[in-house]
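Chains A and B supply the protein sequences, listed in that same order.
Going by numbering that gives the first Met the number 0, the first sequence opens with residue 0, and the numbers climb by one from there.
Going by numbering that gives the first Met the number 0, the second sequence opens with residue 0, and the numbers climb by one from there.
Source of the hints: derived by calculation from the structure; they are not laboratory data.
One or more of the hints may lead you astray.
27 Å max Cα-Cα, derived BS3-like pairs, lysine-lysine [stated by the list, open to error]:
hint: 1; chain 1: A; residue 1: K129; chain 2: A; residue 2: K114
hint: 2; chain 1: A; residue 1: K253; chain 2: A; residue 2: K177
hint: 3; chain 1: A; residue 1: K114; chain 2: B; residue 2: K343
hint: 4; chain 1: A; residue 1: K129; chain 2: B; residue 2: K221
hint: 5; chain 1: B; residue 1: K13; chain 2: A; residue 2: K97
hint: 6; chain 1: B; residue 1: K303; chain 2: A; residue 2: K152
hint: 7; chain 1: B; residue 1: K312; chain 2: A; residue 2: K97
If you want the ones that stay clear, here's a sample from chain B, every Cβ over 12 Å from chain A, calculated [what the hints assert, rightly or not]:
hint: 8; residue: P98
hint: 9; residue: A149
hint: 10; residue: G199
hint: 11; residue: I203
hint: 12; residue: G216
hint: 13; residue: I259
hint: 14; residue: G271
One side only, chain B facing chain A, incomplete, derived with CB under 7 Å [what the hints assert, rightly or not]:
hint: 15; residue: D14
hint: 16; residue: E148
hint: 17; residue: F189
hint: 18; residue: L193
hint: 19; residue: R200
hint: 20; residue: H208
hint: 21; residue: M215
hint: 22; residue: K221
hint: 23; residue: T294
hint: 24; residue: A296
hint: 25; residue: Q299
Even glycine gets a Cβ: it sits at the ideal position worked out from N, Cα and C.
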Amino acid sequence: MTESSERTVQLEVENINLRFGGVMALDGLGFTVRKGEIFSIIGPNGAGKTSMLNCISGRYHPQRGSISFEGQDVTRLTPAARARLGIARTFQNIALFKGMSVLDNILIGRHTHLKSGLFRGGFYLGPCRKEEIEHRRFVEDIVDFLEIEHIRKRVVGTLAYGLQKRVELARALALDPKLILLDEPMAGMNLEETEDMVRFILDINQERGITVILVEHDMGVVMDISDRLVVLNFGEKIGEGTPEEVQQNPEVVKAYLGGEASVFLGR
Amino acid sequence: MSVAHCGDFRQSYKDDMKVLETRFVRVSVGAFLVLLYVFPLFMSNYATSTMTTIGIAVIGALGINIVTGFTGQISLGQGAFMGVGAFACSYFMRILHMPFWIAMPAAGLTTAAVGMVFGLPSARLKGLYLAIATLAAQFILQYLFIHMEAVTGGSNGIPSPPPEIGSFAFDGDRSKYYLTITIAVLAVLFTTNLVRSRDGRAFIAVRDHYLSAEIMGIHLFKYRLLSFAVSAFYAGVAGSLWGMYTGYISAEHFTIAESINYLAMIIIGGLGSVLGSIFGAIFMTLLPQALTVGTGALAQTFPKIGFLIMSFKDGVFGLIVILFLIFEPDGLAHRWRQIKAYWKLFPFSY
Ligand SMILES: Nc1ncnc2c1ncn2[C@@H]1O[C@H](COP(=O)(O)OP(=O)(O)OP(=O)(O)O)[C@@H](O)[C@H]1O
Ligand SMILES: [Mg+2]
């Protein structure tokens, strides 16, 4: 944990304002995420967590503020351009390509790395075939890693919820990202599935060296695996720091009133 | 027998990625190809020429399936795009004196460019709104076919010279058939490969979930436009072949009815399926002919109400199409896969 403070800054979010009509979804929000850490964003329902991820991935454009990734200002870039820079994500509500097989879904993650265009693809000439095999190998590594070998040929629309979540994670990993945004990866999972997911996130972070921004309601998990976190309430930052610091922050405790608060904060 | 392919013994990713997975399938497809080429030797000129129209329809259907079935953008302009191809090809041959072998791809590219222009609204429009924009393309092009007389001959139409190699002209039923079927086979191969490589997968991703596609680094507008271009290219080639087939092209053929015909082909055959494009093309070409024969025979048997029976033809055609949509909503290709899966495990039903 102490070493994380020495790491270089990877993502810098400054003074973000995001408004939907009368709703202030994000209000002057700012934080920095360092390379290689697990950084969590927590807060009650409607606090603006998903909105924040959407601003980072380029789905939403904030009215004010700036976001820079590895020193480059990405505030005005399209989602596709940010993906090419190495930002990947999963969604709170599963957003897979339902008509495609698991493998094809994950192969889409290789899109920015593949080179064969229309003609080479259509004629499936040597270089295209070679490339497809090479990237298939990359994808199979991820399939092994996430333990989804048995379903690789299945159409994703027919899979159980927990497995679909895993395929979504696989697809994001196929992008070979530097930063991955996970929006409630454990929501709706049973204990065993949750434990698996925690293991995967830790491996992604430690073995693959990918920075993780995690949005999650399971406070046990968040306090356990996060290096640092921010706490949002009605779009405003009410706390920031290591899990210990946040748990002792009186303002955070106040925001989660009553007995539920202690459960929420994992105390 | 199907004993050969129970179980999965693929050794490498290369094996696993083969289009024709088992020896049984490879042999069947090979046999089918041979059959395609010896077919006219045993069949009447009428049957051969019907097969030519099926070949042309297959190319056009593959095209519209790329933009509609694979990329998820309803197009109501495929008929007009075929017209662009037909007129362009004829123009290139007659006025610019290009040989057919250059004129046809050039007509394809011209049509692709036109398709791209009319695909521009896809930057902003989706679903039915985009469909209406393509309908506008259909009507604008139809208007141009009638009024650009220098190129299209206006309402009189214009001749389309036959392709030639040396002194040999493709003007007989058989030679037209061979040329068409060869290009159709190439189109099937190209499409099959396309949809299992990078750009084809991107098309499907844009269809299934455009927001995630964008998050995965896929440039949405580029692929939406590209699908229009590719689709129109196929239409341009199909139109060129249509010109060769009829020898004379007139605007009448490239109406909204033709566009809807193509849309129906891929809905009946199977959206987003290469095989479905083929099935749909066969079905929609043969059904009206079968009905003509059927109602003709009936009319002769009952001469008093013969006229009435003949006039029911279009109604029956519509009815059969609707019944198909109700009972085979996933298309013929889907049914075909189910039948295949059944036979694979025969005689064990599960
Ligand atoms: N596209 C949108 N249009 C209008 N309002 C929106 C939109 N997206 C988010 N909001 C609003 O912004 C606020 C923050 O929503 P957000 O989804 O970011 O919350 P959250 O913290 O992710 O909540 P949850 O824990 O329920 O997922 C909410 O009031 C929500 O209604
Ligand atoms: Mg949310």
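How the hints compare with the structure:
no.	hint	verdict
1	A/K129 x A/K114	holds (11 Å)
2	A/K253 x A/K177	violated (35 Å)
3	A/K114 x B/K343	violated (37 Å)
4	A/K129 x B/K221	holds (25 Å)
5	B/K13 x A/K97	holds (25 Å)
6	B/K303 x A/K152	violated (60 Å)
7	B/K312 x A/K97	violated (40 Å)
8	P98	holds (22 Å)
9	A149	holds (33 Å)
10	G199	violated (6 Å)
11	I203	violated (6 Å)
12	G216	violated (3 Å)
13	I259	holds (24 Å)
14	G271	violated (7 Å)
15	D14	violated (10 Å)
16	E148	violated (35 Å)
17	F189	holds (4 Å)
18	L193	holds (5 Å)
19	R200	holds (6 Å)
20	H208	holds (5 Å)
21	M215	holds (5 Å)
22	K221	violated (9 Å)
23	T294	violated (39 Å)
24	A296	violated (43 Å)
25	Q299	violated (48 Å)
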